[in-house]
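**Q** Read off the chains here:
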Amino acid sequence: MSAQLPKGFAALEPFAERWAGATAAERADLRAAHAIAERDAFAAACAPLLAQGLARLDQTPLAEQDEAEQRLMRLLLTYAHVSLAAVQGPDEAMHARLRTDMRITRTPADV
Amino acid sequence: MNTHVPRFEPVAQQNLDWLGTEPIPASAYYDPAWFELERQAVFRRSWLQIGHVCELPEPGSFVRREIEVAHASILIVRGKDLRIRAFHNVCTHRGTQLVAEEAGRQSSFSCPYHRWTFSGEGELVGAPDFEQFHVTKADCALPAIAVDICAGMIFISFAEHPPVLREWLGDLAERLEALPIAKATTFTEYVYEIDANWKLTYDNFQENYHLRFIHPRSSGGGTGPDNPFGYPARYGFHGPHRTQTIWVNSEAPLPSTATQVAFGTAMQRLAAQGVTATEDGRDYFALFPNFFLFGSPAQHFSHMVMPINATRSRGVFRLYWIGEDSSASERFAREHLMALTRDVHSEDRGVIEAGQRGLSSGALRHIHFQTQEVLCRHLYNEVEAAVRAYQAETAAGIT
Numbered sequence: 001m002s003a004q005l006p007k008g009f010a011a012l013e014p015f016a017e018r019w020a021g022a023t024a025a026e027r028a029d030l031r032a033a034h035a036i037a038e039r040d041a042f043a044a045a046c047a048p049l050l051a052q053g054l055a056r057l058d059q060t061p062l063a064e065q066d067e068a069e070q071r072l073m074r075l076l077l078t079y080a081h082v083s084l085a086a087v088q089g090p091d092e093a094m095h096a097r098l099r100t101d102m103r104i105t106r107t108p109a110d111v
Numbered sequence: 001m002n003t004h005v006p007r008f009e010p011v012a013q014q015n016l017d018w019l020g021t022e023p024i025p026a027s028a029y030y031d032p033a034w035f036e037l038e039r040q041a042v043f044r045r046s047w048l049q050i051g052h053v054c055e056l057p058e059p060g061s062f063v064r065r066e067i068e069v070a071h072a073s074i075l076i077v078r079g080k081d082l083r084i085r086a087f088h089n090v091c092t093h094r095g096t097q098l099v100a101e102e103a104g105r106q107s108s109f110s111c112p113y114h115r116w117t118f119s120g121e122g123e124l125v126g127a128p129d130f131e132q133f134h135v136t137k138a139d140c141a142l143p144a145i146a147v148d149i150c151a152g153m154i155f156i157s158f159a160e161h162p163p164v165l166r167e168w169l170g171d172l173a174e175r176l177e178a179l180p181i182a183k184a185t186t187f188t189e190y191v192y193e194i195d196a197n198w199k200l201t202y203d204n205f206q207e208n209y210h211l212r213f214i215h216p217r218s219s220g221g222g223t224g225p226d227n228p229f230g231y232p233a234r235y236g237f238h239g240p241h242r243t244q245t246i247w248v249n250s251e252a253p254l255p256s257t258a259t260q261v262a263f264g265t266a267m268q269r270l271a272a273q274g275v276t277a278t279e280d281g282r283d284y285f286a287l288f289p290n291f292f293l294f295g296s297p298a299q300h301f302s303h304m305v306m307p308i309n310a311t312r313s314r315g316v317f318r319l320y321w322i323g324e325d326s327s328a329s330e331r332f333a334r335e336h337l338m339a340l341t342r343d344v345h346s347e348d349r350g351v352i353e354a355g356q357r358g359l360s361s362g363a364l365r366h367i368h369f370q371t372q373e374v375l376c377r378h379l380y381n382e383v384e385a386a387v388r389a390y391q392a393e394t395a396a397g398i399t
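Line order of the protein sequences matches chains R and Z. Quick note on numbering: the working numbering labels position 102 of the first sequence as 102, and the sequence is numbered without any gaps. Quick note on numbering: the working numbering labels position 187 of the second sequence as 187, and the sequence is numbered without any gaps.
Among the clues, some could well be false.
Take a look, some chain Z residues computed to stay more than 10 Å from chain R by CB distance [stated by the list, open to error]: (1) 24; (2) 125; (3) 132; (4) 170; (5) 187; (6) 212; (7) 217; (8) 218; (9) 252; (10) 256; (11) 262; (12) 324; (13) 326; (14) 339; (15) 342; (16) 350.
Under 8 Å between C-beta atoms, here's a sample of chain Z residues computed to sit facing chain R [as the list claims (entries may be wrong)]: (17) 7; (18) 190; (19) 195; (20) 226; (21) 229; (22) 257; (23) 258; (24) 260; (25) 303; (26) 334; (27) 343; (28) 344.
Simulated from the structure, these hints should not be mistaken for lab results. The C-beta atom is built at its ideal place from N, Cα and C for all residues, glycine as well.
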């Protein structure tokens, strides 16, 4: 399978298909969309690459990102949500139900 | 070096005695007759925050707002002369609602029914076979309502002669104008509907007594050993409006790396934009009747609680930003800061609805506010005063 992400981010390739939400609302929903083990694996893969990923993406203006860069951006944006599951810990499943009524309607990233 | 931090002292009751200590009638939180009085006395007379100038960047830009509490649909439009005006979204021919879109940009507004067409300034500029009517076009302009701006925020009023907005806001106007919202160019938004009275909903966000119970994991440095309930450092009362200065536990554990990255990026960007933390950065502004703004530059969120009926409301949260996302890091920061505030706010909705179910049962004649729920008491006092004034005017035949 060919790489879907910029060079240096192979550890995130297994998540590229399912975790790169297109909108903020989709990314927020992804936090609770898959099995806990997969969510935790995604978070564990993102955490050590966050600073490196943002530094890599900061080299290119947002409007000029190629497909691979856009996908990496979206993965890290999903991680912006998923990283909070650890804060909720054992309450995350209950918390996910509470979040569904708080609908995201606009973000600068979606405009 | 002396690093001793003085032990937290909550605001003393003696400083708040002037607001009273009596129980509050529970019916004010569910009774349709009381709600009708609030509708007339509060919501049809007060300035209501309903948007931001960044939503109307160009001539012809418009937003539509449904204001159920006034039984009104309102169009807010930036005209060719760049002025912002507010009109009832009602064709003056036979009352049809003109605009169905929530927002957009157009030079005129045509009624779908018979194609009466209005300019962005509200004038009737065209109507098919108008010679058959018995009025002039000048008499058929869109009905305007009062609109004014402070700190980039758009306020409307249904009052025929509302007070000057800056006088209504009093000394808060200048403080609001010094906040980032005055320079904001875009925002993030999340909304909710809730089966609860607007005051019951709003009150949840102006008392901290519940923090440790409802937000045990997400409230971060909001509580601590010196201040286990996270009570505010101080309160401010400004006519019908009020403020609280939040207390922060300086010894709280550091948040996650993602959160540190997000705050670090946001603060760096704000500094580059010349926005520095002010004394109001920890202040929570509650503008009568139904609007909040948190002064923190990095998590600069507003919250409007709009009544739909006596026991149903809609909440709109926004985080305001200056400039579009300038980099991947800034985009990440904004997404994470939104997720962080949304996590906290998601936790409140269910318990507020549970409170409404209890109150609506009629089981209680009164509810009780403790000293550190004084902002809830102040809101009730202000609402009650407005209702009593309205009733007195009605009885005297003034309205």
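**Q** Could you check the structure against the hints above and give me the numbers of any it violates, in ascending order?
**A** Hints 5, 7, 8, 10, 11, 12, 13, 14, 15, 16, 17, 19, 20, 21, 24, 25, 28 contradicted; others consistent.
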